[in-house]
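> Sequence:
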Amino acid sequence: YVFSTRIYQLANDFPTDIPEATALGMLFLVIVVALIVLRMRLLRGKSYTVITGKGYQPRLTSLQGWKWPVFGVCMLYVLLAAVVPIVMLALGSFVKIWGVWNADMFTLYNWRITLSDHRLMSAIWNTAELGLLVGTGVVVITSFATYILVRTKMTGRKLLEFITWAP
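Reading the sequence shown from the start, the letters are residues 208 to 374 in this note's numbering.
Think of the hints as simulated: they come from the structure by calculation, not from any bench. Glycine included, C-beta positions come from ideal geometry on N, C-alpha and C. Wrong hints could be hidden among the right ones.
[What the hints assert, rightly or not] What follows is a set of in silico ranges between Cβ atoms, one per label pair, in the way DEER data are often shown:
1) Ile238 to Ser269: 46 to 54 Å
2) Asn317 to Arg364: 53 to 61 Å
3) Ala288 to Gly262: 33 to 41 Å
All chains, please: the whole structure from these sequences, using the hints.
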């Protein structure tokens with residue numbers, strides 16, 4: 208278990224134990240706040256410079272006769288790490304029983320049932336909507352907060368920095 212998993216389990220398993228979940232959540236919050244305050248105290252008055260690496264020049268390495276074998280190994284890795292799992296997942300959605308790969312085991316029934324569920328369609332729409340709104344909102348808010356933290360001497364900056372570190 209990790210801390211967040213235990214809190215989730217206490218709040219969702221039957222019977223629920225909301226008081227214990229809340230207590231663990233508050234304990235976690237106190238630990239996080241203490242770590243943020245410690246970090247702010249340790250870094251108070253210090254400034255940092257980002258080193259861009261302008262002196263580094265990437266250069267091509269000639270593989271000579273190894274060009275195509277290396278390319279093949281890279282493509283094999285992509286195939287095994289990305290393509291095969293996605294293809295298996297897609298094929299598995301069309302079979303009656305997972306792992307039985309006969310021609311008569313393929314069906315569209317799973318898709319018909321899934322796509323006819325109005326709750327699923329609502330969940331897909333809500334997920335897309337929230338993803339777009341939250342993603343855009345977070346970029347706007349963090350850009351604004353970063354500008355205030357880096358470019359201004361506004362009062363309350365330390366509180367804003369604390370709030371941005373809390374999540």
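> If a hint holds in the structure, say so; if it doesn't, say that too.
Now for the hints, and whether the structure bears them out:
1. Ile238 to Ser269: 46 to 54 Å: Holds, at about 53 Å.
2. Asn317 to Arg364: 53 to 61 Å: holds, 54 Å
3. Ala288 to Gly262: 33 to 41 Å: holds, 34 Å
When held up to the earlier numbered hints, the structure conflicts with none and fits them all.
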